[in-house]
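Residue numbers (the working numbering), protein chains in the order written: chain A, 1 to 227; chain B, 1001 to 1251.
Be careful, since some hints might not be right.
Stated by the list, open to error - Only part of the chain A face toward chain B is listed, based on derived beta-carbon distances under 10 Å:
no., residue
1, Leu68
2, Gly171
3, Leu173
4, Glu174
5, Glu176
6, Thr177
7, Pro181
8, Thr188
9, Pro191
10, Ala195
No lab work stands behind these hints, which were simulated from the structure alone. Yeah, the Cβ is synthetic: ideal placement off N, Cα and C, and Gly gets one too.
Take a look at the letters that make up each chain.
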Amino acid sequence: MLSSAELAIVLLSLKVAACCVCVLLLPAIGMAWVLARKRFWGHALLDALVHLPMVLPPVVLGYMLLVLLGRRGWIGERLYEQFHIQLTFHWWGAVIASAVMAFPLMVRAIRQALVQVDPLLEQAAQTLGATPLKVFFTISLPLAYHGVLTGAILAFSRSLGEFGATITFAGNLEGETRTLPLAIYSLTQSPDGDAAALRLVVLSILVSVIALLVSQWLEQRLLRRQQ
Amino acid sequence: MKKWLWLSLCLISLCAQAEEKKVRIFAAASLTDVMNVLIKQYGQQTGEQLVPVYGGSGTLAKQLEQGAPGDLFISADEKWMQYLKDKQLVQAASIKPWLSNRLVMVTPLAKPMSIRTEPSTDIRQQVPGYWCTGDTVSVPVGIYAKQSLMALGWWETLKGRLVSTQDVRATLRLVERDECDVGIVYASDAQSSSQVKVAGEFPENSHVPIVYPMALLPQAGAQANGFYRYLQSADAKKWLISFGFKPVFAD
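Using the sequences and the hints, build the whole thing.
Printed below as a string of structure tokens:
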């Protein structure tokens, strides 16, 4: 049913999306907590910065990543010279590109859940002698678990669909960075690629629907457990 | 509410009117620099404003197939011209071979190299990094490049580190930025950039001849016809040669 090339593309996309979620979890939880609980000068600015990837054209972000992390970029040059790491044309580049795009989605979801946690519960724990870190990991985070889950699934789906930043930063290298959207794009450009592109389009819809169904199932299970 | 509706309608009709008269030239990405100059020259001579649309020849052909408004199409290979001809989307009688070009390897300016285009060259040893060229299925420069790499027996070695770009200009940029170690582009592209150096030229018999055909599209009017004739003039020839192309038309 699936050719080995198609299977490889799907597996690569899933690998990139899964890594994207893993990479994002800690920073997103941290950022969500800062934005939800802390009040400081520059809060609005930080909030805007976090949301920037949602409104910027993906190709702009891809280009910024190239300038920063490319082999001759500000950071990328050091990475390459010291450790011989080149992110462009490597699947980790695709992970980074989609992680940048998905970051605000994840932060938003977790932050909304954190805001809904009753501060009295946290204060009660604190009066009983729990350190702020312990309060966060035993009270706030478990209560905001559904937000983390939603955020993770949103980020996963966003990563599956990421195109602009990926093709600009990570390039279009078969077997390495050619994820589903890039493969579909490549096929739509070739003379007799329409049928093959259509197969991948259907595949792409299937993968996304499955991701959404799994997310609903998880959420319902979670709700039942809470009740 | 009603007022806003009227206002937006007026704006839309204004835009529509402004759109109508533009003559659009759909040209392969490798023509970007020279076509900008030719359009400017033609504009100075006749006062006519033409709008260029650049991209990979395949991208442009697919856009035209989907009804993009264009008057003149210049492809970087004969395959995409044939594609539109088969679908009767170009004026068949107007198809003319216009230019020829050469296929070269370029490296970033800071890392000059000389690569001998012979089957005996140990390409795995000599150039270990990434190679860039247009998509080898759809972008003309990539299609030519694949033919040459196969003729030299390098294809299997390089396949896994060959990065596809949407057109030849994207390849050029990646080499300029030193993200790619080697790029396969046209000689005219190599000449257009001060940031890259030519590392070698592919033998002409290693790929099908590089021909840029041009053709008028069905809706082309007198203005497009005028430019079509200008492109085959002695003046145009002079510019094309100075940008590194080889005109194949008789003026």
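A:Thr188 as chain B interface residue, shortest Cβ-Cβ below 10 Å: Constraint on A:Thr188 satisfied, holds at 7 Å.
Mind checking the CB of A:Glu176 against every CB in chain B and telling me if the closest is under 10 Å? Cβ of A:Glu176 sits 8 Å from chain B, so the hint holds.
Does A:Gly171 pass the interface check with chain B, least Cβ-Cβ distance below 10 Å? Check passed: Cβ of A:Gly171 comes within 5 Å of chain B, closer than 10 Å.
Quick check on A:Pro191 please, does its C-beta sit within 10 Å of some C-beta on chain B? holds (6 Å)
Would the hint on A:Pro181 stand, with a C-beta cut-off of 10 Å toward chain B? violated (13 Å)
Interface hint outcome for A:Thr177 [beta carbon to chain B under 10 Å]: At about 8 Å, which falls below the 10 Å cut-off, the nearest Cβ of chain B leaves the hint on A:Thr177 intact, so it holds.
When the least beta-carbon distance from A:Leu68 to chain B is tested against 10 Å, hint result: violated (12 Å)
Let's test the interface hint: is any C-beta of chain B closer than 10 Å to that of A:Leu173? holds (5 Å)
Less than 10 Å between beta-carbons is the criterion; does A:Glu174 satisfy it with respect to chain B? Because about 7 Å separates A:Glu174 from the closest Cβ in chain B, which is inside the 10 Å limit, the hint holds.
Mind checking the CB of A:Ala195 against every CB in chain B and telling me if the closest is under 10 Å? Violated - the Cβ of A:Ala195 stays beyond 10 Å from chain B, reaching only about 14 Å at its closest.
Checked against the numbered hints given earlier, the structure breaks hints 1, 7, 10 and satisfies all the rest.
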